[in-house]
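1 is the number of the first residue of the sequence shown in the numbering used here; add one for each residue after it.
Check before you lean on any hint, since a few could be wrong.
Here are the simulated PhoX-like cross-link-like pairs (lysine-lysine), alpha carbons at most 20 Å apart as the crow flies [what the hints assert, rightly or not]: (1) Lys-128 to Lys-61; (2) Lys-55 to Lys-117; (3) Lys-117 to Lys-70; (4) Lys-117 to Lys-128; (5) Lys-126 to Lys-61; (6) Lys-105 to Lys-142; (7) Lys-152 to Lys-36; (8) Lys-65 to Lys-128; (9) Lys-144 to Lys-55; (10) Lys-105 to Lys-126; (11) Lys-142 to Lys-126; (12) Lys-36 to Lys-117; (13) Lys-137 to Lys-70; (14) Lys-105 to Lys-137; (15) Lys-126 to Lys-144; (16) Lys-55 to Lys-36; (17) Lys-142 to Lys-36; (18) Lys-142 to Lys-55; (19) Lys-55 to Lys-152; (20) Lys-36 to Lys-65; (21) Lys-61 to Lys-144.
Honestly, the hints are just simulated from the structure, not real lab data.
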Amino acid sequence: MLFASLTWVPNSSLGLTVSQEKINSSNYSLVYVIQKHYASHLHYDLRLEENGVLKSWAIPKRPPKISGIKRLAVEVEDHPLGYENFEGSIPEGEYGAGRVEIWDKGSYEPINISENKKEILINGQKLKGLYTFVRLKNQSSKEKLWLFFKNKQQKKAEQENDKTIGSK
């Protein structure tokens, strides 16, 4: 498992949270991108650099910017590094035919990674903060289904930070 700097927060439900200093840092080095994909159905392709490839998930609805919203994320085939820069049209007859545009881009840091759960710190233009993937148990389906959401404790940390900034 991979861990980043964690700070004890007595009032959080888990007791641990990522420090605000870590959240505000932009020194992550792994590729993160979300591509808006106008294929047969509009969806968002979330891609994370992992082990030399871009691990990929198709998300049917817009990814959440705030906590409390969970999105289905269907794991799809890996893509090569470099694909994070692709914008343009995939021709009819090709897999994924349709227009692709970059919706959000930046970097991320793995915080806690296991087979069925991934906690990551995202530093994108639109998404920022601690996010989680939780794998769903679906024995009847060959698809690898996940839930993707922004952590609730992150929202509390942001509110506390806003209060501190507002009082100065």
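Checked hints:
Restraint check: the Cα-Cα separation between Lys-128 and Lys-61 comes to about 18 Å, which is no more than 20 Å; the hinted pair holds. A threshold of 20 Å between alpha carbons decides the hint, and for Lys-55 with Lys-117 the separation of about 14 Å falls inside it, so the pair holds. Under the criterion of a C-alpha separation no larger than 20 Å, the hint pairing Lys-117 with Lys-70 is consistent with the structure, at around 14 Å. At most 20 Å may separate the alpha-carbon atoms for a hinted pair to count; Lys-117 and Lys-128 meet this at roughly 19 Å.
Between the alpha carbons of Lys-126 and Lys-61 the distance comes to roughly 15 Å, so the proposed pair stays at or under 20 Å and holds. With a C-alpha separation of about 29 Å, the suggested pair Lys-105 and Lys-142 falls outside the 20 Å cut-off, and the hint is violated. With a CA separation close to 25 Å, the supplied pair Lys-152 and Lys-36 exceeds the 20 Å bound. Between Lys-65 and Lys-128, the direct Cα distance comes to roughly 8 Å. Compliance with the 20 Å bound is thereby established for this hinted pair.
Among the hinted pairs, Lys-144 with Lys-55 is consistent with the structure: their alpha-carbon atoms are about 12 Å apart, no more than 20 Å. For a cut-off of 20 Å, the pair hint linking Lys-105 to Lys-126 stands: about 8 Å separates their Cα positions. For the given pair, Lys-142 sits about 32 Å from Lys-126 by alpha-carbon distance, which is inconsistent with the 20 Å threshold. Distance hint between Lys-36 and Lys-117 is unfulfilled; the C-alpha atoms sit about 24 Å from each other, more than 20 Å.
Of the pairs offered as hints, the one joining Lys-137 and Lys-70 holds, with about 16 Å between alpha carbons and a cut-off of 20 Å not exceeded. Note on Lys-105 and Lys-137: the hinted pairing is violated, with a Cα-Cα distance of about 29 Å set against a maximum of 20 Å. Proposed proximity of Lys-126 and Lys-144 is contradicted: the alpha carbons are some 26 Å apart, above 20 Å. Distance restraint check for Lys-55 and Lys-36: the Cα-Cα separation of roughly 16 Å lies within the 20 Å cut-off, and the hinted pair is therefore satisfied.
Distance restraint check for Lys-142 and Lys-36: the Cα-Cα separation of roughly 24 Å exceeds the 20 Å cut-off, and the hinted pair is therefore not satisfied. Simply put, Lys-142 and Lys-55 have alpha-carbon atoms about 17 Å apart, close enough for the 20 Å limit, and the pair holds. Our distance criterion of 20 Å between C-alpha atoms is broken by Lys-55 and Lys-152, whose separation comes to about 24 Å. Taking the CA atoms of Lys-36 and Lys-65, the gap is about 15 Å. The hint holds against a cut of 20 Å.
For the hint pairing Lys-61 with Lys-144, the CA-to-CA distance comes to about 17 Å; that is within 20 Å, so the pair holds.
Hints 6, 7, 11, 12, 14, 15, 17, 19, counting from the list given before, are not met by this structure.
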